[in-house]
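Chemist: Listed in order, the protein sequences are those of chains A and B.
Each residue of the first sequence is one higher than the one before, counting from 5 in the working numbering.
Each residue of the second sequence is one higher than the one before, counting from 7 in the working numbering.
Keep in mind the hints are simulated off the structure, nothing from the lab.
Yeah, the Cβ is synthetic: ideal placement off N, Cα and C, and Gly gets one too.
Keep in mind that the hints are not guaranteed to be accurate.
As the list claims (entries may be wrong) - Partial pick of chain B residues on the chain A-facing surface, computed with a CB cut under 7 Å:
1) 8
2) 11
3) 105
4) 107
5) 111
Said to hold, decoys possible - Footprint (simulated), chain A over chain B, 3 or more residues, beta carbon under 8 Å:
6) 21–30
7) 64–77
8) 97–104
Take a look at the letters that make up each chain.
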Amino acid sequence: MALWKPDTSFYPSARMAMQAPPERHAYVAALNPGEDGKPDAICVVDLDPDSDTYSEVVYQLDLPNSGDELHHFGWNACSSALCPYAPHPHLERRYLVVPGIRSSRIYIIDTKGDPRRPEIVKTLEPQEVIGKSGYSRPHTVHCGPDAIYVSAMGSKNGDDGPGGIFLLDHFNFDVTGPWELHRGDQELAYDFWWHLAEDVLVSSEWGKPSQFEDGLVPEDLLANKYGHRIHFWDLRRRRLQQTIDLGREHQMVLELRPAHDPTRQYGFAGVVINTEDLSASIWAWSRDGENGELWKMDKVISIPAVAAEEDALPAALKPFKAVPPLVSDIDLSLDDRFLYVSCWGTGELHQYDVSDPFNPRLTGKVEIGGILNRRGHPRAEGELLGAPQMVEISRDGRRVYFTNSLYSRWDDQFYPDGMRGWMVKVNVDPDGGMEIDPDFFVDFGSTRVHQVRLEGGDASTDSYCYPS
Amino acid sequence: MSPWLAMLAFGAFHGLNPGMGWLFALSLGLQQRSGRVIWFSLLPIAAGHAAAVIAVVLLVLAGLHYVSLELLRWLTAAALLGLGSYKLFNYYRHPRWVGMKVGSLDLLWWSFLMATAHGAGLMLVPALLGVAGGAAGHHGHTGPVSSASGAMLLAVALHTLSMLLVMGSCAWLVYRRFGLAVLRQKWINFDLVWALALLLVGGIALLMAIAG
């Protein structure tokens, strides 16, 4: 850590980070859904077009335990280390913090020695994570200015809530403890992020562990029992300030993408499904109230379901005679201009120009996989199962990568014919529009792949304290 | 004269450290798109820093009531070397603070916390003792403690002014001339330099104690 100058991958503003050199490799969370005891892994994928092994998995770090279920993960430190109130500019972006959402184990993986052969240097065992944090099923990891923040889906007492957020020490990765001081009636958890310059943390709701660990519970969905609220917290005082209910029918509020420029006080949230018409929606939050002390949510994008023959549908969807878009992930480019939206049901990735966050414009669309269409790729044989899911945008905004798995048990419900894991790259026109890169396709075989992290940072890792 | 110069130099050194305030003031100005916010933020930051140093001056004065100057010199050297050694291996640790929506009182408190936790006041004690010793020597007839405390307060004021000037210059240069990109190249590891400075001053204090 004794660096003389700040880590070169730290940037004061998002605009500056867009000047960063292109990423040369990605770390991809890979999970083995089978019952054969094979462990999950972190895969290293070569992203350098000039390399002989471009678009190949160049290394696979198998975990020492099986059944972790890797899902999301993050870096130990990022550009937020430059924030002025608690600067740690000489931390390094070096360790991946990788939680197992099923096991509640957290691996600390060092990428410094050989970035393409990362090693596990520390393991936080479930009893330590659960015992010290008061939570289980760790999910989102964000590098904060003062600590590593991790959201968790369950409480320490088993399969129910409340889920919440806990902290890891920046330097030795010890579990510091739960984050919230006053949580109000917040019970369900999922994603979180923040407006650092405004001392605001935003969190969303998916469901309790019992509602997802063994698969989607159709009765709970039809009874609108998954999460449908969004919470605004005082980041400084760790206190719930405001909760907005999007309406019970808006089931599963997942990814949160606040504007990267700290002077912009808005952000986007994706809702998986509306149980009334099977549509998916994107909502924008912004300041409200006389002095702007409150927040409001506006539905800014609605994506309708597609009618289908019953025979063509998996059992879970037969009664509905339609394919819901199932927006599972969204991602915002560093200039806050383009929002990418994964439609995991219909097999589409949408690109919206959100320069005006309340009037998004659809500027691009690619199609691959999908429950009905199973559309292929130039470098893959035959039909593809799964669809755009976890999205990651390069810092310069010119390349987008995505993988196709949502969550092991859910994959099997919506794609019951044996989904394989794959990763795809999309090239972006700086003025809007995009197309699938015909030369990039990674086939992971029977291994499923979830979140992607790019070398040096990406559009859903770093937070910036200085305006663009 | 040298303890006075030392107080001024330490003011410049403390002011230069981005973690001591100018960067915070700058970011608030950028966030609120106002150059004036930078200047108005620097004042409470300087006041908080001065308060932390004055707290140390009061401790020194109180100490002089109970122990001899010689013993105080030894204690100071020990404290500096102790904190410096700790910081050398924990230089990256800062007091926990979260929050950028801050008013003047918050900034004052923040600055007080940072200065105290990093031993900014402690670093000044040898120089302050020099200032006090000089004042007591010149005005022996008015009572050593009152003239010493007056001189020390004046020294703290000069130190703070020097710090404020350097903080203002840093913030202004980055704001108007260099831009934030300079942080990426020029932000040396001040926390480590700070630990070394504590050890260096501790070493000098030790020599002074030995010399009597």
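Chemist: Does each hint hold? Answer for all of them.
Modeler: Now the hints, each set against the structure:
no.	hint	verdict
1	8	violated, 31 Å
2	11	violated, 28 Å
3	105	holds, 4 Å
4	107	holds, 5 Å
5	111	violated, 14 Å
6	21–30	holds (count 4)
7	64–77	violated (count 0)
8	97–104	holds (count 6)
Checked against the numbered hints given earlier, the structure breaks hints 1, 2, 5, 7 and satisfies all the rest.
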